[in-house]
Structure formats: C-alpha cells, structure tokens
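In case you want the letters, here they are:
Number of protein chains: 2
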Amino acid sequence: MYSIGIDIGGTNTDMGLVSEDGTIVGRSSIPTSAYTELTPYVRDIMACIDKLMKDKGMAEIDGIGIGAPNGNYYTGCVDNAPNLTIKGVLNFEEEMHKYMNVPVVLSNDANAAAYGEMVYGGAKGLDNFIMFTLGTGVGSGIVLDGKLVHGSTGGAGELGHNILVPNGRPCSCGRRGCLETYTSARGIVRTYCELKGIPYSADIKSKMVGDLANQGDPIALKTWETVADQLGLAMANSVTFSAPQAIFLMGGPTKVGEPLLKPLQKAFEKYLLNIYAGSCQIRMSELKANEVAILGAAALIKMKK
Amino acid sequence: MYSIGIDIGGTNTDMGLVSEDGTIVGRSSIPTSAYTELTPYVRDIMACIDKLMKDKGMAEIDGIGIGAPNGNYYTGCVDNAPNLTIKGVLNFEEEMHKYMNVPVVLSNDANAAAYGEMVYGGAKGLDNFIMFTLGTGVGSGIVLDGKLVHGSTGGAGELGHNILVPNGRPCSCGRRGCLETYTSARGIVRTYCELKGIPYSADIKSKMVGDLANQGDPIALKTWETVADQLGLAMANSVTFSAPQAIFLMGGPTKVGEPLLKPLQKAFEKYLLNIYAGSCQIRMSELKANEVAILGAAALIKMKK
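Top line first, the protein sequences correspond to chains A and B.
Residue numbering for the first sequence follows our numbering, starting at 1 and increasing by one per position.
Residue numbering for the second sequence follows our numbering, starting at 1 and increasing by one per position.
Some hints here could point you the wrong way.
Identical chains blur together in the list; that is why a pair holds if it fits in one copy or across any two.
Cut-off 27 Å, straight-line C-alpha distance, at most; resulting in silico cross-link-like pairs (DSSO-like, lysine-lysine) [what the hints assert, rightly or not]: (1) LYS147 / LYS302; (2) LYS304 / LYS124; (3) LYS270 / LYS56; (4) LYS255 / LYS207; (5) LYS302 / LYS56; (6) LYS302 / LYS124; (7) LYS302 / LYS196; (8) LYS270 / LYS255; (9) LYS262 / LYS205; (10) LYS87 / LYS147; (11) LYS147 / LYS124; (12) LYS205 / LYS266.
Derived from the structure by calculation, the hints contain no laboratory data.
None of these values were measured; they are calculated from a predicted model.
Let's have the full structure, built from the sequences with the hints guiding it.
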C-alpha cells in the first residue's frame, strides 16, 4: 500500500506518494506562503493528493504523514509555528478527514527525518538511535524501542536547544549557549569569522567554509574541529540519556565530510562515558537530501502505537 | 500479592517484603562485603527471603526486584560493579531460579528509585518524569510512557555523567566536568571550600554546609545557589530530551530545603526552553529515605514490558 508524505515548510509544501519500499512515485508542491487560512490550504493539498493518486490509478492509501515545524503528534495539530503565514493552532487531522478518512499523523520535521531513516534508510533494523539534523537550525529526533520519543507535551527531542555553553552565544529561542548557536550553518560561519578575526557576514556560507577546509585552509579546518568538538560533546551527553545504538547525522553542513567527521569521531570518543564505549556508532543519513522530508513524513504512518 | 525488594550496596544487602500498597511488612539484611562468590551470597539472600515469607505465613510472592550498581535490566545480571567484593558478571536471575521460580528483575539503584516513586510515591499517575538522586554520586532514572528507559545497552539514564563544564572538575569516571562533580555531596563541599578559599577537606560534610546555609551563612548560601544553578541547567537540558511532566529530586543534599530549592526553581525556569514553560514541575521524592531503595527494587516487578 502507498502513503502520502507532506513536508510543510515556510515557503513551500511538498507532497509525495511513497511506495512500501520508500520509492517516491509522484510529487507535487504548493506555495505555503500564499495561504493565510487553513481551509483553502488543506483543500489545495487534498486536490494535489487526489491527482497524485489518480495519475497512478490508485483508489486507496495507507494514510497521510506530515512533517511540520511545531507539528504535534498527540493532537494532530501544528501549534503556532512562527515561520508559517497561517497562524494559530491548525488542526490538520480534522480538516483532512473532511476529504479522506485515513490516518493523519503529524510530527516535527526532525522527528520525521529520524523515523524516515528507520523505515526507509540506514537505521532499518535499529530501534534505539538519535538523529541530529544540521541546517538553518539544529534539530533532533529520538527513537527508543522503535518509537519516536514525543514526551508528555509532544515536544520532546529538541537537543539543538540543549545549553552547551552557559551564557554563551545568544539563540533565536531567547536564551544563550544552545547547541544550535554553534553547530547550525550560521553558527559554523560565526565560528569561522571569529577565528579569522573578521565581523560575521551573512554572505559567508557554511558550504564556503567547507570548501575552504577541503582545500586545506587552516582557519576553515580549525572551524570544523571546533564544531566537531562541540557536536561530539553534545552527542556523548545524549548517550547518557538513552544509550542509543547509533547517532545519525544529516543536513547541509555534514556534506563537508572528513574535516567534520574525523574530529567528530575523536571528540565523541573522548567525551563518551566509559560504560558506553563501543556501543554507539556515528553514522550518516542514507536518505537523499531532496527525499528525506517526504519519506520521513510518509514513514510516520508506520509508527508503533 | 507481595513482592521482595532487594537493595544491593557495597556494604550491606537490604531486603524487604512489600505489600501491594507499598508497605514494608518485614525487613532483613546481610553484609555484602562478607562475600566473594555469588553462590553462597544468593543462598543466604534466599534464606532471608524464605524466613521473611514464613514469618508472615506466606507461600507465594509476585517476584523479586533488585536495585544494584550496574544492574542490567536486559540480562538480569550485575555487570562488573566496581564497589562489590563479588567480581565479574553476576547472573542473579539464574542463581535465584534454583530456589524459587518467580520473576527476577534487576536495574540500577537510581532507576529503581524512579520506578518506586511511580508505583508507591509522588509520581503515581505520571508516566513521563525524571528522577535525580543526589548523594555520594548523582544518579538518574528516566520514565517515559510509564516505562523505565534502559536504552540499547541497559545502561541508559546516567545524567550524573552529563558533561556540564567541558574540561571542568575531574570525575571518578575518568573524564572532566560531569554534573556529579558539582552536585554530589562531595561536589557541594568542594564548591563551599572553593568559595571559602580553603583546601577541600573530607571532614566537611554537605549536611554541615546545609546547616550553615539555614543559619544564614553567606558563603554556604552562595554554595547552594551555585549548586542550584548547575542542577537547574542540567534539569532544563534533560527536558529537551523527553519533555517530562515532572523532575523529582531525592537524596541527602536535598534535605537542606529552601537554600537549594528556591534558587533551583529560578535557575530551572531561566534555563528552560520556552516551549516547555509551565509543563514540567520540580518535585521532591515522597518516599522515606530508609525505604526508597527497597520499595524501588520491589516496584521493578510491576514494570510494563
């Protein structure tokens, strides 16, 4: 049976029809930012889904999974997401059931990415792992006994907002020193600028710092070593919580490769409590960057209750 | 039906016969450090259990729960506990089944304390919470969806070894800056000595620092504020993992009361990510200090699979 995966971003909403083995057999997209009300937004999403299904001659699907900022697994709602033009508490489940009576499962995007890795990617067969996603922010998804950890509120798994450095860099969350301020794309550029002794500039991208490192630039290399040390510490600390079999990494900045991954492995081992030695691997996501959001959303349908 | 709770410490092994409602109706004890082999040790434990049951005219029990350092839930073994005179991997489950065919469940002492709080104490009705135990060390037990978090190895929930201060105080685990080095009884005394400008002395006890604080001594008060800030940060960070409904505290140092608890509440709120505001309470354990270890062990029998 096929499922629908929907990735709700601030700019675009991407949809895909996904087969049992994780192949996206059809895709569609609408501009999220063109909507200010839930009803027409869901109407247009459902029209896209209807067309995706008809194009493949399909009468039924397993369900609809949605990865969204502030997506709440328990309520089936998106709760006041700051980067969406549609405001308030948005009940996708209720709205979608007006069109189609299938399970609708929501979670935030990093949780969905973790679950997608388990159902379709490199975490197949694992039931205890953590996913860190590096990008504009730093997200995480935690899988324990084969289930996503949602906690009492639905908002568990925000390791990007673990405070790594008390009174450290200011974070968009209003506090200081969150992991995200050091290991997001912007945090990496900031470290590079600090080490280089130049003011921070939004024109410098983490990809440039990655290219410089791969060309042997010593300041860029030092930047990735610093980021690796911070991320390795955060990862080792996360192991004291759930003793995972693996920690997965994904996102733009991880594409730099060796300049990050080599010192990361070293830092992780240095900071890991001895009782966990050898029990937890660092691995890269095996899903394609342009597929992970849709596959992760579609995978939510497969979640054990 | 009654269960047996066994608390294995380096010096003594305490046993109790526990009723359904958490009353300890009989107790017994043997000196752990008098044994170097598992077989005679378990033989003598089972003789005590037999006597406890006979004294109450009982023919059957629910099971035997054991809280032990390095107690592994998955294997039913104690794995190379450094502070026990009986060395190696100790298979309690197998050894006990030679005497009595009842479920034998093991976990470490902090996990047992957390579970005991849920079954018999202040966490009744909660299914998402974290317990921090302050004492010689700092332990933790994490309950998620009504189950103890054991992770892939059985060794999850070691938040006392979360690195709070990179390159901070040396820890008994061989690393530096673990939470335990700041908020254990010894860590608290160490902070007091540092603030007072005197060398660390094992003659100063955390209880003395507590008494001084309650008499208004400014350096002692400052000590507890510092400890509260560090513990509050660690607690707030733990919320980003599992979004618990409550964080429980127990152990000798917590008995100081206000000098710790007032600044702790403040620090926790200061460091808590905004999406969790108001969703997680700090609470004190409601079990008696001299009962918690036995009740916690007995509670393990009630665990959902």
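Here is how each hint holds up against the structure:
In this assembly of identical chains, the alpha carbons of LYS147 and LYS302 lie at most 27 Å apart whether taken from the same copy (10 Å) or from different copies (22 Å). For the homomeric pair LYS304 and LYS124, the shortest alpha-carbon distances inside one copy (14 Å) and between copies (25 Å) are both at most 27 Å. Taking the shortest Cα distances, LYS270 and LYS56 never come within 27 Å of each other, neither inside one copy (52 Å) nor across copies (53 Å). For the identical chains of this complex, LYS255 and LYS207 are intra-copy neighbours only, at 8 Å inside a copy versus 52 Å across copies, given an alpha-carbon limit of 27 Å.
Proximity of LYS302 and LYS56 under a CA criterion of 27 Å is satisfied intra-copy only: 22 Å inside one chain copy versus 50 Å between copies. Taking the shortest Cα distances, LYS302 and LYS124 sit within 27 Å of each other inside one copy (13 Å), while across copies they are farther apart (31 Å). Proximity of LYS302 to LYS196 under the C-alpha cut-off of 27 Å is found in neither arrangement, the shortest distances being 47 Å within a copy and 58 Å between copies. Proximity of LYS270 to LYS255 under the C-alpha cut-off of 27 Å is restricted to the intra-copy arrangement: shortest distance 23 Å within a copy versus 35 Å between copies.
Taking CA atoms no more than 27 Å apart as the test, LYS262 paired with LYS205 passes inside one copy only; the shortest distance there is 21 Å, against 44 Å between copies. With identical chains, the CA atoms of LYS87 and LYS147 are never at most 27 Å apart, being 30 Å at best within one copy and 36 Å at best between copies. When the C-alpha separation of LYS147 and LYS124 is checked against a cutoff of 27 Å, the pair qualifies both within a copy, at 13 Å, and between copies, at 24 Å. Proximity of LYS205 to LYS266 under the C-alpha cut-off of 27 Å is restricted to the intra-copy arrangement: shortest distance 25 Å within a copy versus 38 Å between copies.
Going down the numbered hints, you'll see the structure goes against 3, 7 and 10, while the others check out.
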